[in-house]
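*Asks:* Read off the chains here:
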Amino acid sequence: MTPAPDDGRLRLTILGGYLGSGKTTWLRHQLFEGAFGKAHILVNEAAETPVDDTLLSSQAAGLTMLSGGCACCTGKDDLVAALRNLCDLRSRQRPEERDAGQIVLETSGLADPAAILDTIRQDSVLVHHIRVAEIIVLVDAMNAAEQLRTEYLGRAQIEAADRIILTKVDAVPDTVLATVVATVRHLNPGASVEAAVKGQPFSLPDLPVVPPYDLPRLADGGAPIQPTKIDIPDDVEWATFSVWLSALLYARGDDLVRVKGVFETPAGPLLLQAVRKSVQPPELLPPEAAHRQNQIVFIGRGYKGDDLRRSLAYFTHG
Amino acid sequence: MCNACGFPTRPGHWTDAGADNAGDRLRLQLRRAQVLNKLLKGYGFTARPPGHAPGFALSSFSGRTTILPDLEAVWQEAARQLGHPIDPLDPRFTAQADPAT
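So the protein lines, in turn, are chains A and B. Under this note's numbering, think of the first position of the first sequence as 1, with each following residue one higher. Under this note's numbering, think of the first position of the second sequence as 319, with each following residue one higher.
Mixed in with the good hints there might be a few duds.
Stated by the list, open to error - Straight line, CA to CA, 30 Å or less: simulated DSBU-like cross-link-like pairs of lysine-lysine:
#1 Lys229(A) to Lys277(A)
#2 Lys356(B) to Lys229(A)
#3 Lys356(B) to Lys76(A)
#4 Lys229(A) to Lys198(A)
#5 Lys198(A) to Lys38(A)
#6 Lys356(B) to Lys38(A)
#7 Lys304(A) to Lys356(B)
#8 Lys356(B) to Lys277(A)
#9 Lys304(A) to Lys198(A)
#10 Lys38(A) to Lys76(A)
#11 Lys76(A) to Lys229(A)
To be clear, the hints were calculated from the coordinates, so they are not data collected in a lab.
In isolation and in its complexed conformation, chain A is listed as follows (with noise of 0.2 Å):
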């Protein structure tokens, strides 16, 4: 993901993954390798026996648990509690004191990663103090066919990630791991994709070429999703392609998973994330980001991708 400037905030990275995907032997991993500084650890699980504590607490910085229920829903108000907490610790110390605040949220299995960004954003307090640099989502390569093709919630995980890890890599055939891989691309074409055994990172090795997994419509779900990239044209403005964004995002929020690209405008290259109906403040990049400009990818369901390009279309021309 691009590096953001410092605006002050207290950085926020989620991390998802379904039930027993490895996100504590992850995360106990990276802390000990140093990967988020003295960051520090809220863990939310949603059955209301904390474990995780005593695995991660040696090695962070401070560690809070959020076992009151899963933070994307019944548990939301201590998460909110808790986030203002770090928040009002952090305004108390004197600025030369101040590190480069960082927190890790490792959510329970059963949390979609989009609601909690969602949760923060529409929080008046801590909006103004958390940045949430980055959504990791781990996939269980071994259990991950029977997850995707029963569980919406799999998929929703997946949809929502920047990064997606892999675990339990070294446990399946290469077969398998290239099926897996195609089906996480084909859910999140926009995510970068990686690997890791018992939290260190893994290089994926040659794979096949395969078609993904062939996942059935579930009731609660819909329509399988579908990438559409658009390479907006030079005479679409900022101002036009913004109203008619939100218009569309208002609309059509729930059945966009995500919206991910490059815009130019008058300040220089923006970049744009929404997942559902939340997008992020976008960041302006420096200019040499600019050679990505204005290709914007839709990954979502319930339209036509050339439904897309006419609509734009018309309210450029029209």
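Following the hints, complete the assembly by docking chain B onto the known chain A.
*Replies:* Relative to the frame of chain A, chain B by itself:
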């Protein structure tokens, strides 16, 4: 928050990015109002910059005018009055133009 006009109540809406000086912001606001009207006119609404603040004044055909802080609030208010959101993928917007242009 500005205690004269009440704006903004939270850090800018994402559509406020892309203009980093007052001139660009004003140009963007005026240009947006034009585009907005293209979307709204078939539904009996008009929008204009409210003059003293960011955002838009949304008027319905009955003359009722609401001052709204950002584009999202415009879509929300329009959906509330219409009973359904204004969809840019409605056939009326996708039927005519050629995607190649």
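*Asks:* Look at each hint and say if it fits the structure.
*Replies:* Taking the hints in turn, this is what the structure says about them:
Our distance criterion of 30 Å between C-alpha atoms is met by Lys229(A) and Lys277(A), whose separation comes to about 19 Å. Between Lys356(B) and Lys229(A) the alpha-carbon distance is near 25 Å, which keeps this suggested pair within the 30 Å criterion. The hinted pair formed by Lys356(B) and Lys76(A) fails the criterion: a straight-line CA distance of about 40 Å is larger than 30 Å. This hinted pair does not check out: Lys229(A) and Lys198(A) have alpha carbons roughly 35 Å apart, beyond 30 Å.
Proximity of Lys198(A) to Lys38(A) is assessed by CA-CA distance (about 22 Å); at most 30 Å being required, the pair is judged to hold. At roughly 51 Å between alpha-carbon atoms, Lys356(B) and Lys38(A) are farther apart than 30 Å, so this suggested pair is violated. For the hint pairing Lys304(A) with Lys356(B), the CA-to-CA distance comes to about 22 Å; that is within 30 Å, so the pair holds. Taking the CA atoms of Lys356(B) and Lys277(A), the gap is near 23 Å; set against the 30 Å cutoff, the hint holds.
Restraint check for Lys304(A) and Lys198(A): the C-alpha separation of about 41 Å exceeds 30 Å, so the hint is violated. Only pairs whose Cα atoms come within 30 Å are accepted, and Lys38(A) paired with Lys76(A) is accepted, the gap being roughly 25 Å. Taking the CA atoms of Lys76(A) and Lys229(A), the gap is near 34 Å; set against the 30 Å cutoff, the hint is violated.
Violated hints, in rising order: 3, 4, 6, 9, 11; the structure is consistent with all others.
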